[in-house]
Amino acid sequence: MNPLARIAFVATAGLMLAGIVHLGSVLAIPRLTKPNADDRLAPLVPLHTMTLMPRAEPGSAGLPFADPAAAIAVCRFDLSARPVRVEATPGGAFMSFAFYTPTGGVFYALTDRSATRGKLEVVLVTQAQLEELQANDPEDEPVSELRLVAPGRTGFVTVRTLAMEPGLLEDAEARLRTARCGDAGG
Amino acid sequence: MTTRRLRAQETRQAEPGRAARRWRLGALLATVAILAIGAGVGLAGTWVAVERGAGFGAVRVGPWTAFPRNGSLEADPYSRAIVAKSGGLPLGLGEGLSFTASRDSEGRPLIGSCTYRVVGRVPQTRFWTLTLETPGGALVPNPARRYGFTSAEIVRDGRGVFTVTVAPDVQPGNWLPVREGRFELVMRLYDTPLSGTSTVIDPGRMPQILQDRCR
Numbered sequence: 001m002n003p004l005a006r007i008a009f010v011a012t013a014g015l016m017l018a019g020i021v022h023l024g025s026v027l028a029i030p031r032l033t034k035p036n037a038d039d040r041l042a043p044l045v046p047l048h049t050m051t052l053m054p055r056a057e058p059g060s061a062g063l064p065f066a067d068p069a070a071a072i073a074v075c076r077f078d079l080s081a082r083p084v085r086v087e088a089t090p091g092g093a094f095m096s097f098a099f100y101t102p103t104g105g106v107f108y109a110l111t112d113r114s115a116t117r118g119k120l121e122v123v124l125v126t127q128a129q130l131e132e133l134q135a136n137d138p139e140d141e142p143v144s145e146l147r148l149v150a151p152g153r154t155g156f157v158t159v160r161t162l163a164m165e166p167g168l169l170e171d172a173e174a175r176l177r178t179a180r181c182g183d184a185g186g
Numbered sequence: 001m002t003t004r005r006l007r008a009q010e011t012r013q014a015e016p017g018r019a020a021r022r023w024r025l026g027a028l029l030a031t032v033a034i035l036a037i038g039a040g041v042g043l044a045g046t047w048v049a050v051e052r053g054a055g056f057g058a059v060r061v062g063p064w065t066a067f068p069r070n071g072s073l074e075a076d077p078y079s080r081a082i083v084a085k086s087g088g089l090p091l092g093l094g095e096g097l098s099f100t101a102s103r104d105s106e107g108r109p110l111i112g113s114c115t116y117r118v119v120g121r122v123p124q125t126r127f128w129t130l131t132l133e134t135p136g137g138a139l140v141p142n143p144a145r146r147y148g149f150t151s152a153e154i155v156r157d158g159r160g161v162f163t164v165t166v167a168p169d170v171q172p173g174n175w176l177p178v179r180e181g182r183f184e185l186v187m188r189l190y191d192t193p194l195s196g197t198s199t200v201i202d203p204g205r206m207p208q209i210l211q212d213r214c215r
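Those protein sequence lines, which keep their order, are chains A and B.
Residue 154 in our numbering sits at position 154 of the first sequence; the count goes up by one each step and never skips.
Residue 138 in our numbering sits at position 138 of the second sequence; the count goes up by one each step and never skips.
Same shape as in the complex, but just chain A:
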């Protein structure tokens, strides 16, 4: 091979490999980034406990890119043992649930517009748990709860509500304190 052909070969092969390395590393970042979103929340938020996050203020220990007009509570879940029920009472104000994978991808979100009888309620399940629940559902009455199949066993839920003026932040936080997260029970 003459030197020019050799250089061309090395450059082409190198760039092809670069393409593979690039795509592979982009795909791997969410899994390899440590700490991921769930790891960051872990010291602040115990498993299956709805926890109010620190207010968004300069230098606060809360989440980056947080809205200072929003109060936010987080519940980390693990569906290994049983389904998890998330519930909150919007009380007429804006309130939303967002369900995240451990790396921060949203797999479902809803607002207080989806509330029934003044309550926002979701039962998080795995596919197997959903089938088990459905097998035990009474046949004569419709299922009233919203069942959501999570893409993995772990993740977290955020509950957001807005304080339209800074003075209303305490009211917003009080609304979040009524939010519950835990064993779905029967």
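There could be a bad hint or two in this list.
[What the hints assert, rightly or not] Straight line, CA to CA, 16 Å or less: simulated EDC-like cross-link-like pairs of lysine to aspartate or glutamate:
id, chain 1, residue 1, chain 2, residue 2
1, B, Lys85, A, Asp39
2, B, Lys85, A, Asp38
3, A, Lys119, A, Glu87
[Unchecked claim] A few chain A positions that, by computed beta-carbon distances, are all more than 10 Å from chain B:
id, residue
4, Val45
5, Asp140
6, Arg160
7, Thr178
Hints are computed from structural coordinates only; laboratory data are not their basis.
Heads up, the beta-carbon is just placed ideally off N, CA and C, and yes, glycines get one too.
We have chain A; now place chain B onto it with these hints.
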């Protein structure tokens, strides 16, 4: 006579050996070069893509950019990598949509030594908030403890147009204080019908960011 023939044989045997060795060295160098180019260029490309925040699925309206698909599992791998690195939690598609501006309407970077007017309307939404953040997503400390405005706090004129003044020193009206350095404006629309479905938004529906003067 015999000795000479022997010597000639030796040389003939040594020649291919040296060529093979040279070929092996060349192949080794080429492999090392290919691996170096592959790892170097590949990882550099990833770093640039993630640092520059160049995800797909961006919705650009004037100076504002939103990534609606970041609020769902349909986000592309680049956006997912950027979200994972940032540590922030994107709004779910069903909750709302957040627009970020790091440049003014004429494309100049937003810097804390200048005064800006954020003028216009907001697309249809139940609530919205406008927040001033550092590029890392932190709030900017100020004595007034004013980090943003909400749709309920803003005073609009008769035609529904509002003006927020972003400036380092006290301003009349809706004043959003800022400090030295680059900053970003984040407009969050909560419970908006825009979420997900529409990817084309009339630029007249989002506020403009106009630079006034600089120190």
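Status of the hints after comparison with the structure:
1. B/Lys85 / A/Asp39: holds (13 Å)
2. B/Lys85 / A/Asp38: Within the cut-off at roughly 13 Å; holds.
3. A/Lys119 / A/Glu87: The hint holds at about 7 Å.
4. Val45: Valine 45 of chain A clear of chain B: closest Cβ-Cβ about 12 Å, beyond 10 Å.
5. Asp140: The claim holds: aspartate 140 of chain A sits with its nearest Cβ about 32 Å from chain B, beyond 10 Å.
6. Arg160: Not fine: 7 Å to the nearest Cβ puts arginine 160 of chain A too close to chain B.
7. Thr178: At about 19 Å from chain B, threonine 178 of chain A clears the 10 Å cut-off, so the statement holds.
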